[in-house]
Amino acid sequence: MSTYVLVHGAWHTGDLFENVADFLREAGHKVHCPTIAGNRPGDAKSVGLDEAVRSIADYLENNDLSEVILLGHSYGGMVITGTADRCPDRLRRLIYWNAFVPNGGECLNDMVPPHYVALFDEMSAASGDNSVMLPFPVWREAFINDGSLELAKSTYDKLNPHPYATFTDPISLSRNPAAMEIAKSYINCTEDTALPQSLGWHPRLSEKLGLFRLVQVPGSHELCFSAPEVLASAILEAGCD
Amino acid sequence: MSTYVLVHGAWHTGDLFENVADFLREAGHKVHCPTIAGNRPGDAKSVGLDEAVRSIADYLENNDLSEVILLGHSYGGMVITGTADRCPDRLRRLIYWNAFVPNGGECLNDMVPPHYVALFDEMSAASGDNSVMLPFPVWREAFINDGSLELAKSTYDKLNPHPYATFTDPISLSRNPAAMEIAKSYINCTEDTALPQSLGWHPRLSEKLGLFRLVQVPGSHELCFSAPEVLASAILEAGCD
Amino acid sequence: MSTYVLVHGAWHTGDLFENVADFLREAGHKVHCPTIAGNRPGDAKSVGLDEAVRSIADYLENNDLSEVILLGHSYGGMVITGTADRCPDRLRRLIYWNAFVPNGGECLNDMVPPHYVALFDEMSAASGDNSVMLPFPVWREAFINDGSLELAKSTYDKLNPHPYATFTDPISLSRNPAAMEIAKSYINCTEDTALPQSLGWHPRLSEKLGLFRLVQVPGSHELCFSAPEVLASAILEAGCD
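Protein sequence lines correspond, in order, to chains X, L and Y. Note that the working numbering gives residue 189 to position 143 of the first sequence, counting from 1, and the numbers run on in steps of one. Note that the working numbering gives residue 263 to position 217 of the second sequence, counting from 1, and the numbers run on in steps of one. Note that the working numbering gives residue 104 to position 58 of the third sequence, counting from 1, and the numbers run on in steps of one.
Extracted from the complex, chain X is given alone in its bound form (with noise of 0.2 Å):
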């Protein structure tokens, strides 16, 4: 029996891993799907980064949490890094499913398209209270496309606007990701063109990793939706020692 704690993507909250934490709890483990402060029902969306990692290491810690199997999604890999840097005794393993993976000083913005950067520059200007949120033919074309029409709809509807200070703030980490002790796996769906695939997640980020095992599977950035127990079975595969 592990434990693991997955921590979602930009948009998402907690909840939506709860499908996918239900095919782990079957195989016999404990799942947490806590909600990143900021993406909470009623969180102001002026959240940055840190306080993002705070939320999760404080759940750790709260929760009085070890040996975990920490799994970050996409914007979640900025969060599961500054949450090892601060409290890595309570962790067993990082995995990175298609996530971000930053070195000390790097914000998300960095690592993503310019074309992508002005998109959300433009949003979050207009948005009043500094969120982004993901045009729905961006969602259902390049995040979602392997889902059905109706799948990209409903799962669209869930998604909540998301505090942009957390793309644009950089981490302030002790060390780099490559230098962390800690046992790392890598998630690459390979479908996924949430970032466009010549400057893709895998390898151009998972080998900021250092020593990393990889994991591939068919399918997109939204697999948690598309194919819940698809994603399962490659969490399970990367998680075991």
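Source of the hints: derived by calculation from the structure; they are not laboratory data. One or more hints might be untrue.
Which copy is meant is left open, so a pair is good if it fits within one copy or across any two.
[Unchecked claim] SDA-like cross-link-like pairs, simulated, lysine to any residue; straight-line CA separation at most 20 Å:
| hint | residue 1 | residue 2 |
| --- | --- | --- |
| 1 | Lys199 | Ala188 |
| 2 | Lys199 | Leu282 |
| 3 | Lys76 | Glu275 |
| 4 | Lys204 | Phe182 |
| 5 | Lys91 | Asn176 |
| 6 | Lys199 | Glu283 |
| 7 | Lys199 | Ala224 |
| 8 | Lys204 | Ala273 |
| 9 | Lys199 | Cys286 |
| 10 | Lys91 | Met179 |
| 11 | Lys204 | Arg86 |
| 12 | Lys199 | Asp287 |
| 13 | Lys76 | Leu219 |
| 14 | Lys91 | Glu168 |
| 15 | Lys76 | Ser279 |
| 16 | Lys199 | Asp68 |
| 17 | Lys204 | Met179 |
| 18 | Lys199 | Ala229 |
| 19 | Lys76 | Asn206 |
| 20 | Lys199 | Pro181 |
| 21 | Lys199 | Leu257 |
Owing to the predicted nature of the structure, the values given are computational and were not obtained by experimental measurement.
Given the coordinates of chain X, assemble chains L and Y onto it according to the supplied hints.
Showing chains L and Y alone in chain X's frame:
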């Protein structure tokens, strides 16, 4: 029920898409497999790219097709791009299957490695009618690498010399594919080595589409012969809304 | 019925290919699994690349093998390339399985990232006999990432220190692989991270073969242990005419 028009690649005819079309028809769709000017029995091999494009645009108009899902394979990507520029109002979505994606002013040879251009230049010069064929060893090892030798031979026998001007004529477009407002998908066969993968189809050419839906399946450049049902499934995933 | 000769990688022996060979034998083929000089029990670890190549060329001659389908895994790619240069008339096809492809004058270390060369230099200097071993964490995470911890341990116990001169000796060839007239295939395991995928096996090394047949399968660098039947199927697809 959707209307699919499947546009073949160089050396092929529309007939060679019929086994794929049958799977789509079984799924309830209407499917057309026209042959591009220059590849029809008896066509002069002096046909250029404009005439090739016009033959497909005319096909849509003569059959009064609308809401068409227009697929192009390989060289067929040149033809559907030109067709989309000429009659956008008849189309619902473009699907490129390991296909060339030209910007205005580009020719197919601009996207092909120099050693292929040199081979084609030589063959066309020797042909007497400015046509090119593919040497059998290239067909067998790099185009239909996932088929048996028997299949490689029986399909090679059905190919026809290709009008080389369609590779060297620059395409004229009123706007580039990324600026076309129509929905677009790209099907990438992951073992396709018809272009060397270091200078390959996806993401090098697919990303010229701007926002597009990626569908990937195992298989070679000639999946229409080696596993038509797999290709048909990919087309349905690429073609839905 | 074909004759296969399977040439293992660094740290391995021919015995470790026997479970793959059994699947090929069941399919009706004759299979040999020789051990390269330097990896046989009792061999001096001072063996260089010439002696390694000669041991396989001699094996073909001593057993009077002809029409051989000669497969090399990883370092074994150096050895089969040298063998093909010495006795081309005994061969029907070369199969590289996530293997090095040298041009004349290149050594294996020329194709490996600097941090691996530095690690090997250090280990060989400390070995007393110019041999190198692979640290277990690298084996577990980057070589056999698709296996269980138990499998990683039980197979690691069967490895032997590798004669480092075979990594640093340049190969002498009368012609480069692309110029060899023999048929060639490359099997690429898509989760192989023994070389970082940013500087990986395929297409970086495979394309040095010139015209070749690509076969890809899911799996790690050590698919011979984690899924021998999947590797055997890939070999049959790569080995047919």
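Is it within, between, both, or neither for Lys199 and Leu282, if the alpha carbons may be no more than 20 Å apart? between (29 Å within a copy, 19 Å between copies)
Intra/inter-copy verdict for Lys199 and Glu283 if alpha-carbon distance must be at most 20 Å: Between copies, since 16 Å is at most 20 Å while 30 Å is not.
What label fits Lys91 with Glu168 when the C-alpha limit is 20 Å: within, between, both, or neither? within (16 Å within a copy, 52 Å between copies)
Within, between, both or neither, where Lys199 and Asp287 count as close if Cα-Cα is 20 Å or less: Classified as between: cross-chain Cα gap 11 Å, same-chain 38 Å, threshold 20 Å.
Between copies, within a copy, both or neither: which fits Lys204 and Arg86 at Cα up to 20 Å? The answer is within: 12 Å in one copy meets 20 Å, while 52 Å across copies does not.
Have a look at Lys76 and Leu219 and pick one of within, between, both or neither, based on CA distance no larger than 20 Å. neither (28 Å within a copy, 57 Å between copies)
Status of Ala229 relative to Lys199 across identical chains (alpha carbons, at most 20 Å): between (37 Å within a copy, 17 Å between copies)
20 Å Cα threshold - placement of Leu257 relative to Lys199: between (38 Å within a copy, 18 Å between copies)
Please sort Lys91 with Asn176 into within, between, both or neither, judging by C-alpha distance up to 20 Å. This pair counts as within: shortest intra-copy Cα distance 7 Å, inter-copy 60 Å.
From the Cα coordinates, with 20 Å as the cut-off, is the pair Lys199 and Ala188 best called within, between, both, or neither? within (14 Å within a copy, 39 Å between copies)
As a check of your reading, is Lys76 near Asn206 (CA-CA no more than 20 Å) within one copy, between copies, both or neither? neither (27 Å within a copy, 40 Å between copies)
Given identical chains, is Lys91 near Met179, meaning Cα to Cα at most 20 Å, within a copy, between copies, both, or neither? within (12 Å within a copy, 52 Å between copies)
When held up to the earlier numbered hints, the structure conflicts with 7, 13, 16, 19 and fits the remainder.
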